[in-house]
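**Q** Once you have looked at the hints, place chain B on chain A.
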Amino acid sequence: MQDPLIIAGREYGSRLLVGTGKYRDFAQTAEALDASGAEIVTVAIRRVNLGQNPDEPNLLDALPKGRYTLLPNTAGCYTADDAVRTLRLARELLDDHRLVKLEVLGDPTSLFPHVTETLKAAETLVKEGFDVMVYTSDDPIVARQLEDIGCCAIMPLASLIGSGMGILNPWNLQLILEQSKVPVLVDAGVGTASDAAIAMELGCQGVLMNTAIAGAQDPIRMAHAMRLGVQAGREAYLAGRMPKKLYHGSPSSPSAGLITSCK
Amino acid sequence: MIQIVLNGEAKTLPAAMTCAGLIAHLSLTGKRVAIERNGDIVPKSRHDQEWLADGDRLELVVAVGGG
Numbered sequence: 458m459q460d461p462l463i464i465a466g467r468e469y470g471s472r473l474l475v476g477t478g479k480y481r482d483f484a485q486t487a488e489a490l491d492a493s494g495a496e497i498v499t500v501a502i503r504r505v506n507l508g509q510n511p512d513e514p515n516l517l518d519a520l521p522k523g524r525y526t527l528l529p530n531t532a533g534c535y536t537a538d539d540a541v542r543t544l545r546l547a548r549e550l551l552d553d554h555r556l557v558k559l560e561v562l563g564d565p566t567s568l569f570p571h572v573t574e575t576l577k578a579a580e581t582l583v584k585e586g587f588d589v590m591v592y593t594s595d596d597p598i599v600a601r602q603l604e605d606i607g608c609c610a611i612m613p614l615a616s617l618i619g620s621g622m623g624i625l626n627p628w629n630l631q632l633i634l635e636q637s638k639v640p641v642l643v644d645a646g647v648g649t650a651s652d653a654a655i656a657m658e659l660g661c662q663g664v665l666m667n668t669a670i671a672g673a674q675d676p677i678r679m680a681h682a683m684r685l686g687v688q689a690g691r692e693a694y695l696a697g698r699m700p701k702k703l704y705h706g707s708p709s710s711p712s713a714g715l716i717t718s719c720k
Numbered sequence: 002m003i004q005i006v007l008n009g010e011a012k013t014l015p016a017a018m019t020c021a022g023l024i025a026h027l028s029l030t031g032k033r034v035a036i037e038r039n040g041d042i043v044p045k046s047r048h049d050q051e052w053l054a055d056g057d058r059l060e061l062v063v064a065v066g067g068g
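Residue numbers (the working numbering), protein chains in the order written: chain A, 458 to 720; chain B, 2 to 68.
A few of these clues could be false.
As the list claims (entries may be wrong) - Taking lysine to any residue pairs in the SDA-like style, the calculated list, with each CA pair at most 25 angstroms apart, reads:
1) A:K584 x B:N39
2) B:K45 x A:G586
3) A:K584 x A:R467
4) B:K12 x A:R504
5) A:K702 x A:N626
6) B:K12 x B:L27
7) A:K577 x A:D538
8) B:K12 x A:N510
9) A:K577 x A:L527
10) B:K45 x A:G508
11) B:K12 x B:R58
12) A:K522 x A:S471
13) B:K32 x A:N515
14) B:K45 x A:L517
15) B:K32 x A:Q509
16) A:K638 x A:Q688
17) A:K522 x B:V65
18) B:K12 x A:R503
19) A:K577 x A:P597
20) B:K32 x A:Y525
Since the hints were derived computationally from the structure, they do not count as laboratory data.
Just chain A, same shape as in the assembly (with noise of 0.2 angstroms):
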């Protein structure tokens, strides 16, 4: 595979990573999925519906069986208590599954990460054998902690989950990016594909999405435009931008060989 993203010590074509909530509805969800490209796609655990028609379809047996790497979350959660039994959950159910992203929340409308409850969660996880990707803030003290903790990917925020505001601080996303030596994905925030293209070229090994997909007006077409968004930026941080130069142009034509009028 070329340029693969490792994670966990196996590789994924496709550094385009999706949510699989707010769909329409299942027929939906695996159509978008298929556009986007994505090998690794997120699911929530809840509790059964006990009131619920039993018949009624199940995410599990909407996707292609064996088709995508599941990552269980743990969205919802307020304590590391709650996100670690979820996990452990997770586990049982998708039959001894240790990959799962962690997100720990510290505040119903901002959805903004609790710090410190992720970082007990994630010792606990790493400790009990779970590969942990997690969803923290852009702080980079917190990213080296989680990172020398265990988690085998460090996933800040771009802006507020599910609020499509875009990358709004990429100074320190790059200070991330410049000391971790796990792979760094982008998670949440993202709006179109330009902020993913902009994730990538920053160096980022890959971006999570989920409410960029399912809340646009063609879902289908933007998982698409995301799939070309994530390769397009992967391409350009490969090849390396031209150095900035501020103040002066510079001609991209010859400036010899110029016609000039008589006098």
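**A** Same frame as chain A, now just chain B:
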């Protein structure tokens, strides 16, 4: 009859049953679910051996769409 708390709600079961029995009682046999009993995971391999007791707190979960 035994009294349990299932997914945060009090529930009366008509008779003593195992975790597998509870899943069948809820018409969920064969569905992908996971069970936590009093804070501990009950592995699938033990669903038909683990008997529920009065006062048990159970969580029964599935995977759903999410980011």
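**Q** Indicate, hint by hint, whether the structure satisfies it.
**A** Evaluated hints:
Taken as a hint, the A:K584 and B:N39 pair is honoured in the structure, with Cα atoms around 22 angstroms apart against an allowance of 25 angstroms. Only pairs whose Cα atoms come within 25 angstroms are accepted, and B:K45 paired with A:G586 is accepted, the gap being roughly 19 angstroms. Of the supplied pair hints, the one linking A:K584 and A:R467 holds, its CA atoms being roughly 20 angstroms apart against a limit of 25 angstroms. Restraint check: the Cα-Cα separation between B:K12 and A:R504 comes to about 15 angstroms, which is no more than 25 angstroms; the hinted pair holds.
About 22 angstroms separates the Cα atoms of A:K702 and A:N626, which keeps this hinted pair within 25 angstroms; it holds. Restraint check for B:K12 and B:L27: the C-alpha separation of about 12 angstroms stays at or below 25 angstroms, so the hint holds. Restraint check: the Cα-Cα separation between A:K577 and A:D538 comes to about 9 angstroms, which is no more than 25 angstroms; the hinted pair holds. At roughly 18 angstroms between alpha-carbon atoms, B:K12 and A:N510 fall within 25 angstroms of each other, so this suggested pair holds.
Annotation: proposed proximity of A:K577 to A:L527 holds, straight-line Cα distance about 24 angstroms (limit 25 angstroms). Proposed proximity of B:K45 and A:G508 is supported: the alpha carbons are some 23 angstroms apart, at most 25 angstroms. Between the alpha carbons of B:K12 and B:R58 the distance comes to roughly 10 angstroms, so the proposed pair stays at or under 25 angstroms and holds. In summary, the hint linking A:K522 to A:S471 is supported, as the alpha carbons are separated by about 18 angstroms, within the 25 angstroms threshold.
The straight-line distance between the Cα atoms of B:K32 and A:N515 is roughly 9 angstroms, inside the 25 angstroms bound, and the hint therefore holds. For the given pair, B:K45 sits about 17 angstroms from A:L517 by alpha-carbon distance, which is consistent with the 25 angstroms threshold. Pair hint B:K32 plus A:Q509 holds up; C-alpha atoms about 14 angstroms apart against a cutoff of 25 angstroms. The hinted pair formed by A:K638 and A:Q688 meets the criterion: a straight-line CA distance of about 22 angstroms does not exceed 25 angstroms.
The suggested pairing of A:K522 with B:V65 holds, with an alpha-carbon distance near 15 angstroms, which does not exceed 25 angstroms. Distance check on the hinted pair: B:K12 and A:R503 sit about 19 angstroms apart at the alpha-carbon level, within 25 angstroms; holds. Restraint check for A:K577 and A:P597: satisfied, since their Cα atoms lie roughly 17 angstroms apart, inside the 25 angstroms limit. As the CA atoms of B:K32 and A:Y525 are separated by approximately 19 angstroms, the hinted pair is consistent with the 25 angstroms bound.
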